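K.L.:
Each chain, written out:
Protein chains: 2
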Amino acid sequence: MSTAPNAAASRRIDASRLWDSLLQMASFGATAKGGVRRLALTDVDGAGRAHFRAGCEAAGLSVRVDEIGNMFARRAGRDPGRAPVLFGSHLDSQPTGGKFDGAYGVVAGLEVMRSLNDHALMTEAPLELINWTDEEGSRFGTGMLGSGVWAGAYRLDQALSLTDSQGVSVGAALEAIGWRGSAPARHFPADAYFELHIEQGPILESEGTEIGIVTGAQGQVWFDAIARGREAHAGSTPPAARRDALVCAARVIDLVDRMMRARGEAGRGTVGEVHVLPNSRNTVPGEVRFSVEFRHPDSAEIERLAVQFPREAGFIARDCGVALEVRHLYTVPAQPFDPGCIAVVRQAAAQAGCTAREIVSGAGHDAVYVARHVPTAMAFTPCKDGLSHNEAESITPEEAAAGCAVLFEAVLARANRAL
Amino acid sequence: MSTAPNAAASRRIDASRLWDSLLQMASFGATAKGGVRRLALTDVDGAGRAHFRAGCEAAGLSVRVDEIGNMFARRAGRDPGRAPVLFGSHLDSQPTGGKFDGAYGVVAGLEVMRSLNDHALMTEAPLELINWTDEEGSRFGTGMLGSGVWAGAYRLDQALSLTDSQGVSVGAALEAIGWRGSAPARHFPADAYFELHIEQGPILESEGTEIGIVTGAQGQVWFDAIARGREAHAGSTPPAARRDALVCAARVIDLVDRMMRARGEAGRGTVGEVHVLPNSRNTVPGEVRFSVEFRHPDSAEIERLAVQFPREAGFIARDCGVALEVRHLYTVPAQPFDPGCIAVVRQAAAQAGCTAREIVSGAGHDAVYVARHVPTAMAFTPCKDGLSHNEAESITPEEAAAGCAVLFEAVLARANRAL
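If you read the sequences in order, they're chains A and B. Heads up: the first sequence is residues 5 to 423, going by this note's numbering. Heads up: the second sequence is residues 5 to 423, going by this note's numbering.
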């Protein structure tokens with residue numbers, strides 16, 4: 005950490021209260037390995053929500069819940085006519101998730117509210133701290149569900165009828181835990197949205213930088229690929245007679261890596277999942293199924309990749325004598341964040357005495373949907389070894405405090421800006 | 005089939021009796037999909053053995069069984085002092101095997117004996133038709149077990165103490181089905197060994213050639229490889245921070261293919277089995293385990309591959325920033341067959357009016373162990389699509405008859421040769 009002691013001293017949040025609150029929230033669904041299992045709309049999610057609501061109400065906030073279970077904890081502004089400044093994240097977790105993915109942004113938001121109270125600061129604009137429903141998508145199969153409905157990316161009735169592996173619907177689960185609210189699950193005018201989140205990647209930690217000023221979210225294009233060759237005996241099948249689906253897949257995996265690297269530091273290209281058939285050591289593989297995804301901050305580059313990858317992969321397959329099926333699953337355009345909000349985060353980092361750099365979000369976040377309607381930016385903090393979606397996910401109290409202080413300054417500055 | 009009608013007419017075996025006998029043997033362990041499940045030393049193997057013994061005895065052969073269950077069905081020669089001419093194969097099958105892998109060589113051997121009877125031909129040398137115990141190795145984990153013990157490649161006590169997944173030993177299984185014999189399980193002087201087998205590869209079928217004159221068995225070198233990189237988020241991990249175990253493995257898979265092709269038609273190099281961890285589509289793979297094997301008819305080439313492959317793969321891993329462990333499992337030297345026996349097979353094919361070509365066996369066979377002590381050669385026949393170790397394994401009655409006719413002529417010629 006490169007923070008000078010005076011920087012930490014100048015921060016207007018309570019670092020130890022924040023840390024205690026983070027650990028309290030982590031007790032809801034705590035796992036033996038130090039992680040969290042707080043799947044969306046389960047009883048343990050309900051308990052975590054109740055704990056959060058109690059904290060909000062104790063801080064004088066008024067909590068409302070919308071039809072998809074999103075929670076909005078409002079602090080009045082001096083000018084009730086001004087559109088609120090929003091901030092928050094999500095409290096649900098991966099099945100074997102960490103303590104900080106999502107929860108950090110919500111709990112730090114509550115610490116911002118408490119610190120404003122401590123300093124008796126009333127902002128011009130109202131503030132709303134949000135817990136979005138089911139960001140992870142682990143239970144019902146669709147990520148960023150609450151923010152997606154709010155932003156109009158999903159229809160409410162469709163979202164409510166999604167079911168988990170037991171056949172329980174989102175609507176039924178909301179009812180069961182008592183968190184189906186009455187506020188319309190629909191975007192409303194807001195001045196800004198800020199989301200604080202752990203990076204879930206290695207960049208900040210490796211550079212010793214405290215804050216990532218997130219300029220936007222990468223676009224993504226996802227494919228499923230199936231290479232179909234011919235199963236054959238490894239000993240008796242000569243080179244010319246082989247149609248080795250795995251050799252084809254291997255060359256396509258190499259292609260994905262080369263296409264990523266050709267795009268420099270902003271490029272992402274990954275084959276994460278591979279299934280080989282029959283997967284027997286003395287049989288030439290007859291079929292290989294594998295995933296392919298590319299990400300890039302520029303939507304035009306994503307569009308190019310969506311065309312270029314299947315074409316180049318097809319050339320490889322033809323050379324291998326293998327039939328390659330490349331199924332385009334979906335394209336998510338890049339979502340640049342709002343320059344004004346990005347500037348607010350940059351200024352807030354400076355004010356909190358934090359080292360900072362610009363960064364593009366590789367993962368999806370509620371902010372990506374919110375940004376469709378509200379000027380948005382995010383701030384990232386480092387996490388140990390870049391590890392997330394893992395029970396070993398870890399951040400330090402100092403890292404948590406730095407990010408929270410930046411959120412405090414950003415919210416305060418935005419809510420008090422001259423219109 | 006390019007056989008002229010007069011060629012088939014000139015053959016001295018009974019093609020329809022052979023085919024009926026093949027289908028009868030396939031009824032022991034027949035599967036719904038048209039294959040055979042006759043795992044070594046199971047009750048169904050025992051029933052198949054009893055059926056075979058009955059056929060042998062009906063043909064006037066005297067059957068003895070050795071301590072590892074190998075069956076020897078002897079037909080007297082005119083000169084009882086001459087070393088016998090041996091021929092045979094194995095009756096056990098893969099778990100989802102075909103009707104012909106192994107059984108063809110044994111049943112065709114019985115047809116040779118029957119045809120000699122039909123023609124009232126007594127050979128100079130005695131003949132012994134062999135059913136070797138547990139060639140497949142599917143149940144007890146070690147292939148070519150009976151011939152391996154006979155040849156001294158395995159010690160009898162060690163072989164008897166091998167256990168299956170239920171903890172049943174080879175010795176106990178032999179006792180249970182009543183096929184633990186008293187003859188010493190040890191090689192004895194013999195004049196020659198011939199083994200007739202389906203090719204289990206595509207070469208003969210693709211060329212329309214009826215007989216493969218097998219000049220030897222390939223050498224083999226087997227490895228297990230583990231690429232260890234670092235698990236990372238596919239969206240947030242930039243190219244320079246990646247240590248992608250799968251990209252490394254993919255390049256090594258490509259290397260194996262290139263090293264195979266650099267050795268021409270005789271080269272074999274295969275990665276058949278791959279396991280990716282965590283195998284999640286948006287995670288850069290942290291670990292990939294995969295098998296590597298090379299085969300070549302020249303032992304010196306196998307020795308070179310055993311050194312060259314780990315070295316070249318290591319260069320690739322270093323470039324990928326991945327730790328690659330290459331474990332050498334074992335090297336099997338190439339086993340050239342006996343030039344005299346090869347010449348006998350070539351001459352027999354000509355006599356039976358069959359098209360023929362020389363071929364190297366890619367798979368392991370009992371003949372490879374027998375060849376350590378007895379002049380040996382094999383004959384191959386085509387199989388549909390080169391498919392074997394598969395319930396869909398298939399040959400035609402004509403193909404079966406051609407191979408059997410060649411075995412007849414080879415055995416007769418060798419057993420009557422002038423010493």
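If you are wondering where the hints come from, they were derived from the structure by calculation, not from laboratory data. Please read all numbers here as calculations on a predicted model, not as lab measurements. We treat Cβ as the ideally placed atom computed from N, Cα and C, and that holds for glycine. Take the hints with a grain of salt, since some may be wrong.
Chain B side only, calculated, beta carbon under 8 Å to chain A, not exhaustive [what the hints assert, rightly or not]:
| # | residue |
| --- | --- |
| 1 | T35 |
| 2 | G38 |
| 3 | E203 |
| 4 | S240 |
| 5 | A244 |
| 6 | A254 |
| 7 | M264 |
| 8 | R265 |
| 9 | R272 |
| 10 | N286 |
What the simulated footprint calls covered on chain A by chain B, stretch by stretch (three residues with Cβ under 8 Å from a Cβ of chain B suffice, anywhere in the stretch; the number is not a length) [to be verified]:
| # | segment |
| --- | --- |
| 11 | 206 to 212 |
| 12 | 245 to 257 |
| 13 | 293 to 302 |
K.L.:
Could you run down the list of hints and mark each one as holding or not?
P.N.:
Hints, verified against the model:
Because the smallest distance between the Cβ of T35 of chain B and any Cβ of chain A comes to about 17 Å, over 8 Å, the interface hint for this residue is violated. Hint on G38 of chain B is violated. Least Cβ distance to chain A is approximately 17 Å, over the 8 Å limit. The beta carbon of E203 of chain B comes within 6 Å of a beta carbon in chain A, closer than 8 Å, and the hint placing it at the interface holds. For S240 of chain B, the suggested interface contact is upheld, since its CB lies about 3 Å from the closest CB of chain A, less than 8 Å.
At about 7 Å, the closest approach between the beta carbon of A244 of chain B and any beta carbon in chain A falls short of 8 Å, and the interface hint on this residue holds. Hint status for A254 of chain B: holds, given a least beta-carbon distance of 4 Å to chain A, under 8 Å. Checking M264 of chain B against chain A by beta carbon gives a least distance of about 6 Å; that is within 8 Å, so the hint holds. Interface hint at R265 of chain B: satisfied, since its Cβ lies 5 Å from the closest Cβ of chain A, which is below the 8 Å cut-off.
Residue-level restraint check for R272 of chain B holds (minimum Cβ-Cβ distance to chain A is 6 Å; threshold 8 Å). Taking 8 Å as the C-beta contact cut-off toward chain A, the hint placing N286 of chain B at the interface holds, the least distance being around 6 Å. Beta-carbon proximity to chain B at under 8 Å applies to 3 residues in the segment 206 to 212 of chain A; the threshold of 3 is reached and the given coverage holds. Here the segment 245 to 257 of chain A counts 8 residues with a CB under 8 Å from a CB of chain B, which clears the bar of 3, and the coverage holds.
For the segment 293 to 302 of chain A, the stated coverage by chain B holds: 3 residues have a C-beta nearer than 8 Å to a C-beta of that chain, and at least 3 were required.
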